[in-house]
Amino acid sequence: MDAALIALGLSLKVALWATVIDLVLGVGFGYLLARGRFPGRDVLDAVLTLPMVMPPTVLGYYLLVLIGRNGPIGHWLQQHFGINLIFTWQGAVIAAAVVAFPLVLKGARSAFEAVDVQLEQAAHVLGVSPLGVFLRVSLPLAWRGVLAGTLLAFARSMGEFGATLMVAGSIPGKTQTLSIAVYEAVQAGQDDTANLLVMITSLTCVIVLVAANRLVPNRAQGAA
Amino acid sequence: MKRIAAVLLICAAGAASAAEITVSAAASLSNAFREAAAAFEAAHPGDRVLLNFAASDALVAQIAKGAPVDVFASADQESMDRARPHLAPGSRRDFASNRLVVAVPFGSKLDLRTLTDLRQPAVQRLTTGNPASVPVGRYTKGALEKVALWGELEPKFVFGTNVRQSLDYIARGEVEAGLVYQTDVASQAEKVRTAMVVPTTTPITYPLAVIKNGPNPAGGRAFAEFILSPGGQSILARFGFGKP
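Keeping their order, the protein sequence lines are chains A and B. Quick note, the first sequence lines up with residues 71 to 294 if you use the numbering used here. Quick note, the second sequence lines up with residues 342 to 585 if you use the numbering used here.
Since the hints were derived computationally from the structure, they do not count as laboratory data. Be a bit skeptical, because a hint or two may be false.
[Claimed, not checked] Stretches of chain B that chain A covers, calculated by requiring three or more beta carbons in the stretch to come under 8 Å of a beta carbon on chain A:
1. 470 to 481
2. 507 to 515
3. 566 to 580
The beta carbon of each residue, even a glycine, is placed where N, CA and C say it ideally should be.
Modelling step: build the complete structure from the supplied sequences, incorporating the hints.
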């Protein structure tokens, strides 16, 4: 039971950090893609959406090659900061953040696109700075779509398995998240442990979804 | 639409008529069994060998849940013991042996001569299979417990879900050293080298057996016999496995 709770805590920690990173980057890139006019915009959108359609093992392999000890990014981090991401919970955060990122991006982009450009222009004419327009007009109007994408990203991060296993490994108490603990228990033929873990996982998912529905009021109420 | 249905029918008929033999084998047997399967198919036209590689305990878990398997080849006796209720009586035989080694990335400058050298601070991370589900992890745990190093070294370990995952961690240089089989090192000779051979508390022998309720027990027996025959044994020897 203790081990299961530790795995749950780790899953929540990893998912929370991954979601925070995705929220910041997703809102930034979502706004850029919705309002920016620049060459290669469609290509950028496609590249940023890739994690949603690619198998997690492919992403895991990319990450292993890039942030591994001999990879270009991993080597640089190790040499300049002594940071190693492989087999750490921070590595698991990166894996989960990459996998869940498109969910925030897509939600944010369509939410920003739905914001009336005239409102932004009016604010601009009235002398509000571009950052002010973004923070005081666009973001408040797009907030619901952003939040919906963010909650989906949190749920996706909680369930991340393939890329996480490849990048962070399966170290009990350190990088062994709920989904990986389930896999290990089934591999070892420990059905009791597996049953307990899947029950905790299912319960957590239901709680997250119910919370999501409460947090994001439905459109009818919101419009009133 | 009709054409699709016709194609599906032909595929279904093809799957039913070809004699398929499903073999679940320990991950360390990957390369050797792939070649053995090709040799077996060449000698038995019409038979097809389907190979399923994973950690031995994962394979037992699959068999216990009713996976359609004809032959099971494991990397230690313990996992085969656990599969006992599902084995065809009298079909269990030892067919190969192996050795446990400490392996390091090929370019490693570490000087590792005894297991005690693994305590040095330069060895930050070690890898082997998870002792709960992977035979190589159990051999490692036993060997390190015998020299009273397991308790101290365990926190350094990153456990793989099978021996080949641990081997990959070593080959990529993500760990300073790992405990794998001698035959694994031979399969990645350009990236990994052996630092020392580790004495194990129980000899590393590989048993195989035919599964009682498998879909093709006759084919399973034929494949098991092939592995034990001089032809099968010479393939295993070429990949570095010893006599049982």
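Hint check results:
1. 470 to 481: holds (count 3)
2. 507 to 515: holds (count 4)
3. 566 to 580: violated (count 0)
Violated hint: 3 only; the structure is consistent with all others.
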